[in-house]
Amino acid sequence: DGGITQSPKYLFRKEGQNVTLSCEQNLNHDAMYWYRQDPGQGLRLIYYSQIVNDFQKGDIAEGYSVSREKKESFPLTVTSAQKNPTAFYLCASSIGGLAGDAYEQYFGPGTRLTVT
Amino acid sequence: KQEVTQIPAALSVPEGENLVLNCSFTDSAIYNLQWFRQDPGKGLTSLLLIQSSQREQTSGRLNASLDKSSGRSTLYIAASQPGDSATYLCAQGGGGADGLTFGKGTHLIIQP
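Residue numbers (the working numbering), protein chains in the order written: chain A, 1 to 116; chain B, 1 to 112.
Since the hints were made in silico from the structure, they are not lab data. Errors might be hidden in some of the hints.
Some, not all, of what chain B presents toward chain A, calculated at C-beta under 7 Å [claimed, not checked]:
1. R37
2. P40
3. G43
4. L44
5. S46
6. L49
7. F102
8. G103
A few chain B positions that, by computed beta-carbon distances, are all more than 12 Å from chain A [said to hold, decoys possible]:
9. E56
10. G60
11. R72
Owing to the predicted nature of the structure, the values given are computational and were not obtained by experimental measurement. All residues carry an ideal CB built from backbone N, CA and C; glycine is no exception.
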């Protein structure tokens with residue numbers, strides 16, 4: 001079955017530690033995204049990647065880092081510089097493209113990160 | 001900056017009713033409008049995608065419309081069922097592989 005997997009489902013860390021969230025897709029999509037969701041707020045874009053070895057900052061990139069070494073994978077690192085890291089993190093992908101068309105985004109099941 | 005607003009924030013209706021969820025956006029340079037469903041603690045499920053050149057899309061009991069001139073989209077749910085209870089999110093696409101701008105959602109409860 002094609003889809004997006006995120007692991008783990010729940011993640012607990014101590015303050016001051018970096019943590020990496022996994023996102024893998026087997027949809028052969030070029031574009032991948034990371035969003036953050038907080039209670040009572042809409043999803044906010046952290047980083048996105050239109051193609052392998054390229055990525056751009058979203059609206060709230062501070063305290064986060066990403067890499068895109070393979071088409072299928074787009075891991076997100078939450079660094080100790082992120083002031084409020086506790087949130088629900090969602091990964092998404094789309095066919096992508098740089099021609100100006102916009103494509104449907106598909107989402108993974110999410111990772112709930114708790115930092116204490 | 002793009003902004004997306006959803007009204008109402010919460011809605012509770014008896015089973016069987018037809019209902020409308022509203023979404024408004026500020027950026028007229030919209031490429032598409034996507035509606036999602038989110039169950040508690042879960043990821044998002046895509047319901048409908050309307051490209052900027054389209055006026056509406058239908059899937060089963062769901063119909064979504066897009067009016068770029070007024071900056072509005074509506075999601076119509078016919079003959080609501082308890083299984084429709086969830087949070088419904090709309091999101092505006094800005095083009096290319098850019099990310100989506102989301103509203104805060106409408107929390108829908110269908111009473112049996």
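To see whether the hints hold, each was checked on the structure:
1. R37: This interface hint is violated because 11 Å lies over the 7 Å limit.
2. P40: violated, 11 Å
3. G43: For G43(B), the interface hint holds, since the closest Cβ of chain A sits about 4 Å away, which is under 7 Å.
4. L44: L44(B) check passes; min Cβ-Cβ to chain A is 4 Å, inside 7 Å.
5. S46: holds, 6 Å
6. L49: Given a least distance of 5 Å, the restraint on L49(B) holds.
7. F102: Where the cut-off is 7 Å and the nearest Cβ of chain A is about 4 Å from F102(B), the hint holds.
8. G103: Because about 5 Å separates G103(B) from the closest Cβ in chain A, which is inside the 7 Å limit, the hint holds.
9. E56: Per Cβ check, E56(B) is outside 12 Å of chain A; nearest 16 Å; holds.
10. G60: holds, 17 Å
11. R72: At about 17 Å from chain A, R72(B) clears the 12 Å cut-off, so the statement holds.
When held up to the earlier numbered hints, the structure conflicts with 1, 2 and fits the remainder.
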